[in-house]
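**Student:** Protein chains in written order, with our numbering: chain A, 61 to 512; chain B, 250 to 472; chain C, 189 to 543; chain D, 549 to 720.
Be aware that a few hints might be false.
[Unchecked claim] DSS-like, lysine-lysine: derived pairs with alpha carbons at most 27 angstroms apart:
{"no.": "1", "chain 1": "B", "residue 1": "K334", "chain 2": "C", "residue 2": "K464"}
{"no.": "2", "chain 1": "C", "residue 1": "K262", "chain 2": "B", "residue 2": "K450"}
{"no.": "3", "chain 1": "C", "residue 1": "K420", "chain 2": "B", "residue 2": "K387"}
{"no.": "4", "chain 1": "C", "residue 1": "K262", "chain 2": "B", "residue 2": "K334"}
{"no.": "5", "chain 1": "C", "residue 1": "K203", "chain 2": "C", "residue 2": "K378"}
{"no.": "6", "chain 1": "B", "residue 1": "K450", "chain 2": "B", "residue 2": "K371"}
{"no.": "7", "chain 1": "B", "residue 1": "K357", "chain 2": "B", "residue 2": "K371"}
{"no.": "8", "chain 1": "C", "residue 1": "K420", "chain 2": "C", "residue 2": "K404"}
{"no.": "9", "chain 1": "A", "residue 1": "K135", "chain 2": "A", "residue 2": "K103"}
{"no.": "10", "chain 1": "B", "residue 1": "K371", "chain 2": "B", "residue 2": "K321"}
{"no.": "11", "chain 1": "C", "residue 1": "K227", "chain 2": "B", "residue 2": "K371"}
{"no.": "12", "chain 1": "B", "residue 1": "K357", "chain 2": "C", "residue 2": "K404"}
{"no.": "13", "chain 1": "B", "residue 1": "K357", "chain 2": "C", "residue 2": "K464"}
{"no.": "14", "chain 1": "B", "residue 1": "K387", "chain 2": "B", "residue 2": "K450"}
{"no.": "15", "chain 1": "C", "residue 1": "K404", "chain 2": "B", "residue 2": "K387"}
[To be verified] To spell it out: a stretch of chain C is covered by chain A in this simulated footprint if at least three of its residues, at any positions, have a beta carbon under 8 angstroms from a beta carbon of chain A; those stretches are:
{"no.": "16", "stretch": "297 to 309"}
{"no.": "17", "stretch": "368 to 378"}
Everything labelled a hint here was simulated from the structure, so no lab data went into it. The beta-carbon is built from N, C-alpha and C at its ideal position, and this holds for glycine as well.
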Amino acid sequence: MMNAILQATLEFLKLYWAPLLCGVAIVAILPLIVGYIVLVERKLMADMQARLGPMRVGPHGLLQPIADALKLLIKEDIIPDNADKLVFWLAPVLSVGAALLALAGLAIGPAFQIAQDINIGILFVVGISALGIFGIVLGGWASNSHYSLMGALRSSAQLVSYETAAGMALVSALLFTGTLNVKSIVLAQSKDGEGIWFVMLAPVAFFTYLVASIAETNRAPFDLPEAESELVAGYMTEFSGFRWSLYFLAEYTNMIVVASVATTLFLGGWLRPFASVPWLNFLDFVPTLLMAGVGAYCIVRAPKQPARVQQLFMLAVAGLCFVVGLALLAPVLVPVAKPFYAGIHGGFWFIFKVSLYIYFFMWLRFTIPRYRFDQLMRLGWHFLIPLSIINVLLVGVALIAGAYFNLKGWGLLLVTTPAAVIALVVALLILNAEKERNARQNQTAASDFYAG
Amino acid sequence: MADEPKEPKPPQVPTGDKPASSTPAVSTPPAKSADASAPAAPPKPAAPAAPKPPVVLQTPLANEFVTRFRAKFGAALLDAIEDRKQAILVVECVRLVEIALHLRDEEKFDMLADLTAVDWPKREKRFDVVLDLYSFPKNERLRLKAHAEDAEEVPSVVSVWPTANWQEREVFDMFGIVFSGHPNLKRILLPDEWQGYPLRKDYDILQQDTAWVRENLGIESGQ
Amino acid sequence: MGPQHPSTHGVLRVKLKLDGERVIGSECIIGYLHRGVEKIAENRTYQQFAPYVDRMDYVAAVSSGLGYCEAVEKLLLVEAPPRARVIRTILTELQRIASHLLWLGTHALDIGALTPLFYCFREREEILKIFEKYCGARLTTHAFRIGGLQYEAYDTFERDVERFCKDFESRILEYETLLTQNRIWIGRTKGVGILTAADAIAFGVTGPVLRASGVKWDIRKAAPYAAYDQYKFEIPVGTIGDTYDRYLVRMEEMRQSRLICLQAVENIPAGPIMAKVGKVLKPPPGEVYHAIEAPKGEIGYYIVSDGTVMPYRVHIRPPSFINLQAFDRMVRGHLVADVVAIIGTIDIVLGEVDR
Amino acid sequence: MLDKVLFYFFAAIAVASAVLMVTRRNVVHSAIFLITALLATAGIFLQLRAEFLFIVQIILYVGGIMVLFVFVIMLVNLDVALQQIQFARQKWVALLVALALAAQVGFMFWTSGKMAGQGLPVLTAVAANRLLANSETVAHSLFESYLLPFEIASVLLLVAMIGAVVMAKKRT
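Whenever a hint applies, use it, and build me the whole structure from the sequences.
**Tutor:** Structural data, given as structure tokens:
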């Protein structure tokens with residue numbers, strides 16, 4: 061019996077060593093990446109609020125994430141009494157597991173993909189991230205305090221209702237590709253496919269997906285469950301120390317997952333903007349210029365640092381930027397490095413777009429106030445879901461028209477933009493139908509999808 | 250400038266811890282005067298400065314509003330004074346609600362700005378319940394005063410001006426004046442089981458409700 | 189919601205009777221911050237009691253100080269000199285802006301907008317700097333004395349106030365762009381916590397809350413005190429009396445206060461800053477009720493004097509205490525999330541509610 | 549070799565969690581074990597190269613229905629449910645039914661072993677690219693050969709949904 065298992069593992073390793081390696085790498089680097097996303101968020105927030113943000117740990121607070129991680133590890137791990145031990149331990153693990161697993165389906169570059177382009181790509185990502193709800197609901201239930209249970213139920217109600225809207229938005233984009241496979245979706249947007257990003261062809265779908273994804277990751281105007289004043293921290297209240305950081309990691313990984321799904325589907329994955337337009341090729345130099353700019357900025361700032369070690373640190377960061385800049389420059393100029401072009405540049409553009417998407421999340425969080433729960437539900441059910449369903453119909457009709465006039469690539473725009481316009485008109489119709497209903501029915505009897 | 254020369258040692262700073270019962274040793278026992286709330290001519294303490302002639306600012310008020318009021322209520326209106334250009338009507342405590350309704354509806358005093366009480370331990374009708382009214386149309390203020398004995402029930406004006414609700418509860422909390430007809434008359438600022446009424450003159454400033462402190466905080470009061 | 193709740197602006201405990209998400213009834217339990225100010229007043233001389241007044245509404249210390257000093261001046265039948273009255277008006281109006289800024293910041297934070305808080309505090313810092321230069325203290329300033337002012341206006345006083353008022357105009361636009369047209373902000377505040385004019389008067393509510401319900405009444409116009417009669421300014425009035433109207437009324441009030449400061453700073457009359465008031469104040473026996481327009485509403489002082497050095501009785505009419513009574517009427521029928529917004533919109537300070 | 553090991557691994561989890569689900573006293577624990585059972589069967593689908601079924605199983609069962617289960621468990625207050633004794637007298641009836649079922653399955657194995665060429669489906673490792681993509685085949689069969697039943701089923705679901713909404717409306 062023993063050698064059977066041994067042989068099986070050998071066989072397994074022979075077949076799947078590459079994805080295994082990528083998987084381990086991702087899980088190892090992710091907490092660091094999430095840490096630095098949090099730092100960027102705090103810095104941005106501070107910048108928008110006329111203050112400095114974390115400056116104390118390391119130059120410009122660059123070491124802050126490591127300090128946070130350390131603090132979270134050392135913190136005492138409190139388990140509320142007569143809480144359900146098994147479920148209390150399981151909930152955060154489930155939540156992080158779902159988020160990390162969903163990452164597997166995504167393709168950072170053409171070559172760099174953990175699950176070797178499984179046929180159901182996008183569906184796999186959406187399906188697995190739906191498991192995250194259990195982490196929240198069970199977490200709320202396990203800490204058996206009335207408030208966290210209420211917070212958990214509210215946030216899962218929010219997740220469930222916005223998932224339908226997100227799903228519908230994805231469907232209308234998938235109509236163009238015809239397949240769920242991540243790699244072929246991106247190729248469909250490149251030269252040999254439609255040659256145009258789907259965000260142009262289905263802008264309304266992109267908008268609905270954007271709003272739904274914000275709600276799905278409990279962020280910005282929809283971060284009601286934990287921000288509600290009397291629910292304190294929603295389902296996360298009772299978790300402390302490492303367990304809490306797992307939830308935190310799950311939330312930010314979800315954000316990355318949602319951002320990469322949007323980039324793959326709408327913003328042309330790892331393609332350079334206007335990849336198919338030959339005379340715009342100088343765009344290839346943009347990444348190197350960007351890196352060079354950042355490096356220069358670091359050098360300029362270096363002497364201003366108070367401590368000697370901080371100056372060295374800044375110089376090191378500048379060096380790193382220049383090296384990356386050179387790496388990005390090589391495939392464009394040096395013919396021999398041509399084949400690496402797709403991998404390196406693709407990776408850069410993908411990460412660039414994902415970070416833009418996440419920047420938009422953060423930007424929303426600082427500027428606009430929070431929705432009340434029943435408004436949030438009404439927005440989801442009365443506005444987003446009908447809009448996205450109608451959008452699917454319209455895009456379908458546009459596609460048939462496109463096929464009829466056999467338009468290709470940019471030609472499709474002729475058909476899809478009217479579809480988008482009609483969708484917007486429908487959206488306005490729904491909105492002022494909402495207003496009348498609101499006016500008629502006074503404020504107090506607001507229909508609450510999830511009345512307790 | 251801050252600490253004014255202390256030549257007339259303010260009697261108030263108690264030398265020893267006088268038992269609470271004695272009134273604050275204001276050496277000028279306010280003379281009994283039937284009408285005005287303020288003693289007519291309090292003999293000055295033996296201040297070294299030449300005793301200034303007692304300045305009386307209370308002048309009887311006699312305008313057509315007072316005559317109209319006296320015609321309507323006659324006996325109930327005990328006195329009408331003007332102190333520093335502010336009209337004061339001293340009324341009988343029993344008919345307070347009726348007068349309040351009249352003032353709000355006919356005389357348009359539609360807002361009760363303030364309701365409070367003053368404790369004159371020397372007088373037999375010990376408490377003054379003071380109501381400050383304001384009329385939006387006439388942009389005028391009026392002060393209504395009613396004298397009440399220690400255990401006497403003052404009719405509550407909550408039915409006339411809902412704002413009196415909490416203010417009457419505070420007066421009850423601080424003075425112990427019971428307002429009959431008040432929806433839920435219980436202490437508002439102090440803990441419910443607190444004994445004693447702090448703002449009474451005989452409630453010395455250093456006296457805490459020792460029982461409450463020992464029972465709730467478990468320490469001897471004053472520690 | 190317990191006394192240490194993050195959004196109750198101090199130690200206020202609210203018992204809510206809920207039907208699912210909807211609030212049916214509420215009861216406010218106060219008294220956690222009761223320091224017995226009125227009892228202390230009976231054992232302090234008139235000057236010694238002045239700093240206590242600042243500790244009541246610690247957010248608008250200058251205006252409560254002005255109220256007390258003017259009440260005692262009325263008791264003494266003394267009039268502060270014109271120069272003192274103008275400087276008092278400027279400082280009170282600056283305090284009104286500072287108090288409204290603090291209200292805006294915390295109110296927006298309760299509803300979820302993170303950024304306005306920092307913008308408001310940046311402006312409030314400027315005002316506190318002016319107070320600090322003038323009288324050494326930032327929050328509980330005790331800036332005024334009975335009979336006038338303690339300190340002469342420092343030399344760059346006019347320039348500082350003018351510079352602040354000049355760039356405050358653009359700052360208010362910054363808050364407006366963030367909030368006023370914001371659909372979510374309107375969604376969270378329109379039609380929430382409605383108080384009709386009749387209810388407002390019945391509950392004795394005063395200040396911006398009363399004006400938002402449509403009653404055009406401001407003591408600075410009805411019974412001008414200090415130097416308000418010399419300046420032109422309007423009184424903003426709302427229509428429905430919901431949270432959004434109160435927001436608009438307070439924003440407009442900040443603009444009006446800025447105008448007053450500008451007009452006042454142009455010509456501060458020369459002359460003495462202190463009336464002829466002896467060291468030992470012995471007001472003739474009698475009583476007075478003097479009310480002024482504090483940022484939260486009408487703050488009134490009822491002082492009874494028996495001719496001695498100490499007041500016989502001092503009663504303070506606190507606007508927050510009386511405005512809080514209308515809370516129960518406003519909160520009925522709303523969701524739990526609105527309770528937070530309604531507490532914010534009444535703008536209460538617990539030091540003043542409990543005294 | 550790998551397939552066999554994986555299959556037995558998933559099968560063992562499925563059976564174990566099914567048994568645990570039934571025996572647990574705590575309702576939420578049994579819900580969790582039901583989820584693991586469903587995930588294990590999804591794993592087996594994946595093994596059979598039916599990845600569309602794998603992801604549909606996860607989305608529908610685990611992501612959809614189980615969320616509903618957990619919602620209901622949370623909303624209904626648990627302590628009432630715990631008081632009632634779970635297994636009253638039906639213990640014997642359950643055993644009887646189980647035995648009957650076991651007999652039938654045993655008979656099926658026994659006869660299929662006799663028939664030539666039938667036997668247990670032997671999994672052969674088929675190279676991934678030669679296999680026709682699973683979701684396409686499912687889509688073709690669903691929308692071409694069985695379009696009518698598909699439409700009828702969706703109408704049925706619609707009716708059920710409207711019924712639920714109407715019932716909910718009446719209560720609030």
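**Student:** Each hint needs a verdict: does it hold in this structure or not?
**Tutor:** A quick look at each hint next to the structure:
1. For the hint linking B:K334 to C:K464, the alpha-carbon distance of about 22 angstroms falls within 27 angstroms, and the restraint holds.
2. Between C:K262 and B:K450, the direct Cα distance comes to roughly 25 angstroms. Compliance with the 27 angstroms bound is thereby established for this hinted pair.
3. As the CA atoms of C:K420 and B:K387 are separated by approximately 22 angstroms, the hinted pair is consistent with the 27 angstroms bound.
4. Among the hinted pairs, C:K262 with B:K334 is consistent with the structure: their alpha-carbon atoms are about 10 angstroms apart, no more than 27 angstroms.
5. For the suggested pair C:K203 and C:K378, the alpha carbons sit about 25 angstroms apart, so the restraint of at most 27 angstroms is met.
6. Distance restraint check for B:K450 and B:K371: the Cα-Cα separation of roughly 10 angstroms lies within the 27 angstroms cut-off, and the hinted pair is therefore satisfied.
7. With a C-alpha separation of about 36 angstroms, the suggested pair B:K357 and B:K371 falls outside the 27 angstroms cut-off, and the hint is violated.
8. Distance check on the hinted pair: C:K420 and C:K404 sit about 16 angstroms apart at the alpha-carbon level, within 27 angstroms; holds.
9. Distance check on the hinted pair: A:K135 and A:K103 sit about 24 angstroms apart at the alpha-carbon level, within 27 angstroms; holds.
10. A hinted pair counts as satisfied when its Cα atoms are at most 27 angstroms apart, and B:K371 with B:K321 does not qualify at roughly 32 angstroms.
11. Restraint check for C:K227 and B:K371: the C-alpha separation of about 18 angstroms stays at or below 27 angstroms, so the hint holds.
12. As the CA atoms of B:K357 and C:K404 are separated by approximately 16 angstroms, the hinted pair is consistent with the 27 angstroms bound.
13. Distance check on the hinted pair: B:K357 and C:K464 sit about 40 angstroms apart at the alpha-carbon level, beyond 27 angstroms; violated.
14. Restraint check: the Cα-Cα separation between B:K387 and B:K450 comes to about 37 angstroms, which exceeds 27 angstroms; the hinted pair is violated.
15. Our distance criterion of 27 angstroms between C-alpha atoms is met by C:K404 and B:K387, whose separation comes to about 14 angstroms.
16. Given a C-beta distance limit of less than 8 angstroms, the hint that chain A covers the stretch 297 to 309 of chain C holds, as 9 residues qualify and 3 suffice.
17. Requiring three or more residues with a Cβ within less than 8 angstroms of a Cβ of chain A, the coverage given for the stretch 368 to 378 of chain C holds, as 6 such residues are present.
When held up to the earlier numbered hints, the structure conflicts with 7, 10, 13, 14 and fits the remainder.
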